[in-house]
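The numbering used here applies: residue 5 is where the sequence shown begins, and numbers increase by one.
No false leads were slipped in.
Think about it this way: if two alpha-carbon atoms lie no more than 30 Å apart in a straight line, the pair counts; the simulated DSS-like pairs of lysine-lysine are: (1) LYS24 / LYS50; (2) LYS47 / LYS113; (3) LYS115 / LYS47; (4) LYS113 / LYS50; (5) LYS113 / LYS24; (6) LYS50 / LYS119; (7) LYS24 / LYS115; (8) LYS24 / LYS47; (9) LYS50 / LYS115; (10) LYS24 / LYS119; (11) LYS47 / LYS119.
Quick list of simulated restraints, FRET-style, between CB atoms: (12) MET29 / TRP103: 16 to 26 Å; (13) LYS24 / ASN114: 15 to 25 Å; (14) PRO79 / ILE49: 38 to 48 Å; (15) ILE73 / TRP28: 31 to 41 Å; (16) ILE21 / LEU64: 15 to 25 Å; (17) LYS24 / LEU76: 33 to 43 Å; (18) GLY92 / PRO35: 34 to 44 Å; (19) PRO95 / LYS50: 26 to 36 Å; (20) TRP103 / LEU6: 11 to 21 Å; (21) VAL27 / VAL91: 39 to 49 Å; (22) ASP89 / THR111: 34 to 44 Å; (23) TYR90 / ARG33: 43 to 53 Å; (24) LEU12 / TYR68: 13 to 23 Å.
Keep in mind the hints are simulated off the structure, nothing from the lab. Every residue gets a Cβ at the ideal spot worked out from N, C-alpha and C, and that includes glycine.
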Amino acid sequence: DLLVVLYLLMVLAVEYIINKVIVWMDNDRFPTLSYLPHHVNRKSIKSVFATMGYVLFMILGTYYLIEGIMSLGIPSIGMLMFGFDYVGIDPITFGLFYWVVDWIYLTVKNKVIFKNKNQSKE
5 DLLVVLYLLM VLAVEYIINK VIVWMDNDRF PTLSYLPHHV NRKSIKSVFA
55 TMGYVLFMIL GTYYLIEGIM SLGIPSIGML MFGFDYVGID PITFGLFYWV
105 VDWIYLTVKN KVIFKNKNQS KE
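Model the full structure from these sequences, guided by the hints.
This is the structure we're talking about:
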């Protein structure tokens with residue numbers, strides 16, 4: 005199934021490309037480590053499993069969010085561009101909703117980590 009291929013490619017891309025770029029871009033003026041999906045040691049196998057969980061959450065969250073919105077009768081971008089006979093999740097809609105779900109995930113993650121850091125300082 006193509007969803008499994010997407011999952012495996014996303015795990016590899018996030019773990020070995022995106023995370024490395026985020027760490028590489030981090031500096032004193034523009035800290036970027038808050039954009040990492042998790043803060044597990046990158047050199048351990050736990051990092052791959054954490055990335056697998058993150059990508060699974062992101063793909064399933066995006067898929068069910070789009071399906072939920074389409075079940076309300078709101079068309080996807082592909083339906084608007086190619087006609088309403090094209091029913092399904094198109095790449096543009098999936099990418100935009102993936103970005104929104106990722107933003108929500110990072111916002112919640114950073115609030116929880118920030119809250120835990122403040123509590124541990126007290």
